[in-house]
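Q: Sequence:
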Amino acid sequence: MNTNALLQLLHSEVIPAIGCTEPACVALCVARAKEKLGSEPDSISVQVSKNIFKNAMGVGIPGTGMNGLPIAIALGATIGNSTYELEVLRDTTPEADAYAKVNMQRVPPKISINDEAPDMLYVRTIVSLKNGKTAEATIQGSHTHFTDDTERYIGNNDNNHAYSISGLKEVYDFAMEVNLSDVQFLMDGAKMNMAAAEKSFMGNYGHGLGRLLHTVSNQHLTNAHPTQMSNIFGDTLFTKILCYTCGACDARMSGAMVPVMSNSGSGNQGISCSIPVYLYALEHNCDEEQTLRALTLSNLTVIYIKQSLGRLSALCGCVVAATGSAAGLTYLMGGQYDEVTFAIKNMVANLSGMICDGAKPACALKVTSGVATAVLSASMAMHHSFAESTEGIVEDDIDRTIHNLTRIGHDGMCQTDDVIIDIMTNKY
Numbered sequence: 001m002n003t004n005a006l007l008q009l010l011h012s013e014v015i016p017a018i019g020c021t022e023p024a025c026v027a028l029c030v031a032r033a034k035e036k037l038g039s040e041p042d043s044i045s046v047q048v049s050k051n052i053f054k055n056a057m058g059v060g061i062p063g064t065g066m067n068g069l070p071i072a073i074a075l076g077a078t079i080g081n082s083t084y085e086l087e088v089l090r091d092t093t094p095e096a097d098a099y100a101k102v103n104m105q106r107v108p109p110k111i112s113i114n115d116e117a118p119d120m121l122y123v124r125t126i127v128s129l130k131n132g133k134t135a136e137a138t139i140q141g142s143h144t145h146f147t148d149d150t151e152r153y154i155g156n157n158d159n160n161h162a163y164s165i166s167g168l169k170e171v172y173d174f175a176m177e178v179n180l181s182d183v184q185f186l187m188d189g190a191k192m193n194m195a196a197a198e199k200s201f202m203g204n205y206g207h208g209l210g211r212l213l214h215t216v217s218n219q220h221l222t223n224a225h226p227t228q229m230s231n232i233f234g235d236t237l238f239t240k241i242l243c244y245t246c247g248a249c250d251a252r253m254s255g256a257m258v259p260v261m262s263n264s265g266s267g268n269q270g271i272s273c274s275i276p277v278y279l280y281a282l283e284h285n286c287d288e289e290q291t292l293r294a295l296t297l298s299n300l301t302v303i304y305i306k307q308s309l310g311r312l313s314a315l316c317g318c319v320v321a322a323t324g325s326a327a328g329l330t331y332l333m334g335g336q337y338d339e340v341t342f343a344i345k346n347m348v349a350n351l352s353g354m355i356c357d358g359a360k361p362a363c364a365l366k367v368t369s370g371v372a373t374a375v376l377s378a379s380m381a382m383h384h385s386f387a388e389s390t391e392g393i394v395e396d397d398i399d400r401t402i403h404n405l406t407r408i409g410h411d412g413m414c415q416t417d418d419v420i421i422d423i424m425t426n427k428y
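Residues 1 to 428 (this note's numbering) are what the sequence shown spells out, left to right.
Honestly, I wouldn't trust all of these hints.
[Unchecked claim] Computed beta-carbon distance windows for the label pairs:
id, residue 1, residue 2, range
1, Gly-412, Ser-164, 31 to 37 Å
2, Thr-93, Gly-167, 45 to 51 Å
3, Gly-203, Thr-134, 38 to 44 Å
4, His-11, Ala-195, 19 to 25 Å
5, His-284, Asn-179, 21 to 27 Å
These are calculated hints, taken from the structure and not from any lab test. Just so it is clear, the structure is predicted and the values come from calculations on it, not from any experiment. Ideal Cβ positions, reconstructed from N, Cα and C, are used throughout, including at glycine.
Based on the provided sequences and hints, a complete structural model is requested.
A: Laid out in structure tokens, this is it:
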């Protein structure tokens, strides 16, 4: 086990992000090209992979009240700061937003899908001035990895140089042995994601699923008459896990100016692998050591699975993130390595076919499905009830089971992505 490499991997993959990370990635690329140009451009051309396009099409851009790539590009070209990485739009203000919207009309960006992009995560930006001066920037492989012919700039998430995890046992052993001070930031990230959820309860974000469930779980405080939903859900830890997880998703998918701690380039993944674990630990008075080890296990499990799945795919990332949560929850319930493998097998047996049809407010529903299944999978695992090798894509070996899942998402669902994007782009 390479402790230093695993720590570096955690620190590079679990980072703050504002807004959906795909439009943020595009804004980051535009900001970098603008900085190389030396001033705001007079023309902007952006090529993206189909997966970037899919995830940027219907999601809110923080502070703007608008969706999609054009406003993200305009902000990147005006107030974007590439040193902020996935918080590239951190400096957005009402004044900056208004200026960017005017600039978007003055310099409408040319956006195209590169069907032959060298990676599922790919953005290339060319900016120019009227005097003919041009500059360009390319992001490929991970959301902050810049590379082009004349300059190489490595952000935190250099996927090409990341340590390759050998298997789930390495993840588990590291989580059980790591110095707690080295992973304290995971607790800070969980609290950051909780704050995003609490913001959603106070406003009208997305489809309001988190706020609705929060109201249901707190009806006893308001003396409200029971509703049909309260009779189903009630004031339980399970309801709290659902409402906080999807509430944080509600906020960020609809463009709230609120940071979340992401995992492997996805805010929803960071939310889904941290909030359920943190809330369970809080409810059961787990000490800091238990909580941090569970958060480490959850986050690093997600990173391990994503290493073979890839940053973007036709498989919903909520499945992967919830699988991390299932591992962390199982540990907090008193499980050890064997029980953790049982929980992951249950997750793979259940949600392996959930498609990703782009980032959008309705992602809160998928997040809820994932974390609900994580709770059930962990609970079953603690009773040694799990999907066995005679069932579907599950095998006796946990790493082969995980690779079966990622093989489906990375190789088997490529045509699915094409069909999804065709449907999305021909609805109007």
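Q: Taking the hints in turn, state whether each one holds.
A: Now for the hints, and whether the structure bears them out:
{"no.": "1", "hint": "Gly-412 <-> Ser-164: 31 to 37 Å", "result": "violated, 22 Å"}
{"no.": "2", "hint": "Thr-93 <-> Gly-167: 45 to 51 Å", "result": "holds, 47 Å"}
{"no.": "3", "hint": "Gly-203 <-> Thr-134: 38 to 44 Å", "result": "holds, 42 Å"}
{"no.": "4", "hint": "His-11 <-> Ala-195: 19 to 25 Å", "result": "holds, 21 Å"}
{"no.": "5", "hint": "His-284 <-> Asn-179: 21 to 27 Å", "result": "holds, 24 Å"}
In the structure shown, a violation is registered for the earlier hint numbered 1 alone.
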